[in-house]
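> Using the sequences and the accompanying hints, generate a full structural model.
There are 2 protein chains.
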Amino acid sequence: MNQQSYPSYLLENAVTHLAKLPGVGRKSALRLALHLLRQDEREVQDFAQSVLLLRQEVHYCRVCRNIADGDICQICSDPGRDQSRVCVVETIKEVMLIEQTGQYKGLYHVLGGVISPMDGIHPGDLEIESLVERVAAGGVQEVVLALSATMEGDTTAYYIAKKLAQTGVSLTTIARGISVGDELQYADELTLGKSILNRIPYQL
Amino acid sequence: MNQQSYPSYLLENAVTHLAKLPGVGRKSALRLALHLLRQDEREVQDFAQSVLLLRQEVHYCRVCRNIADGDICQICSDPGRDQSRVCVVETIKEVMLIEQTGQYKGLYHVLGGVISPMDGIHPGDLEIESLVERVAAGGVQEVVLALSATMEGDTTAYYIAKKLAQTGVSLTTIARGISVGDELQYADELTLGKSILNRIPYQL
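Protein sequences appear in the order of chains C and G.
12 is the number of the first residue of the first sequence in our numbering; add one for each residue after it.
12 is the number of the first residue of the second sequence in our numbering; add one for each residue after it.
You can take every hint at face value.
Copies of the same chain look alike in the list, so a pair counts if it works inside one copy or between any two.
Here are the simulated BS3-like pairs of lysine-lysine, each with C-alpha atoms no more than 25 Å apart in a straight line:
1. Lys38 to Lys116
2. Lys173 to Lys205
3. Lys104 to Lys116
4. Lys104 to Lys31
5. Lys38 to Lys104
Simulated from the structure, these hints should not be mistaken for lab results.
Here's what the structure looks like:
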C-alpha cells in the first residue's frame, strides 16, 4: 500500500504499528484499523489499555519465569503440584499447552527460548543458570526436558544435560514418535525410526 | 484455548481483546500477546497510543465523509481535483484503492456501507441524504457509482439513482467485466455476459 494514499496521518500511523504484529501485513493492518474505527470509543480504550497493561504490569514468576500476576505464579504456588519434578520448556506458550493436556502435575522452568547462535541466542541469554541453581538448591528429583525436536532444541537439551550432570538429578525427555491419529505411511523416517527404537511394552 | 489455562489475568484480558479483531482467533491472539510481551515497553506504548488516537482524534471530512486529519480531507481540499465529478463508494478503503489506481481525479462520497436490510442497514444509516444535498447544491456534473457487484451494492446503486433522478446529474457506474489477467474459460457466465453486453470499440 502506497504511503501517500492514506487519507489521514493517524490512520497511517495506526496501520504502521498494527503491521508490526507477526503475520499482519499492511493490507490486514488497514483492515484492523478500519475495524477499530467502527468500534465504540470505550471498546477501543479497553483494547489499548489491555495491551499496555499486559506489557507494563505483568510479572515473571521468581521461581520458574512463567508469567504471573504476582511474585510467584499460580503453578509454583499450588501446594497440590509435585514440587520434585521440573519440566523445562522454551516459552510460556508451551507451559499453557502442557497444562491443557492435564497429564503433568509437576512444576516448570521457562527458558525464554532455545540456544541458536544463528539468531544470536546464546546460553547466557536463557534461564539456564537459574535452572542449575534451582536444581542445586535441592528438592528436585526429575528434570523433564520438553524442548522442540529441532537442532536448536536438541542443542539446548544437550547443554542443559551437561550442566546438570553433576547434580545427580534424574533427566528425562518427552517421547518422540508417531503423532496420535497419524497414518504410519506418512510419517517421516526419522520419527518412525525413533518410535521403533523407543518402543514401549504394549498394554492390554 | 481453555480459559483456566492462562497463567495471568493480564494475559487473558489482552488475548480476549485481541481476539475481537476480525480474523484473529484466540490462538492467534495469544501469539500476538506473547509477541507484544517481548517488545520494548516504549514500542507497546506507541502501539496502544496509535490505535487509541486513531479512534479518538480522527475526523471525517465535512464534504465527502472520507477520514481526515482536519475538517476537510486532503482530496476535497486539493484544487487540482475535478470538483464536478463525485465517485460514490462504500468505505474509506475503496477511496484508497481507487486513489492507488491513479485513474480518477475527481472527488468522492463515502456512504459508510451499502443498503442491507438483512444486516439492519437501511438508507437512513448511510450518507445518502448528504449526497443528494451535495448534488442539489450544484457544481456536480457526474456521479460515478463505484459499488460492489453484489445484490446489496446493486440495491444501493438503484436507490441512489432514483434519489438523484430529478437533479439532472449524469449518473455512471464502473464497468463490470473480465478482470485484467483472467482467462476467459474461468470467468463466470454473469460476468462474461455483462462484458459482452458492455463491449467497447477496440483501440489499436
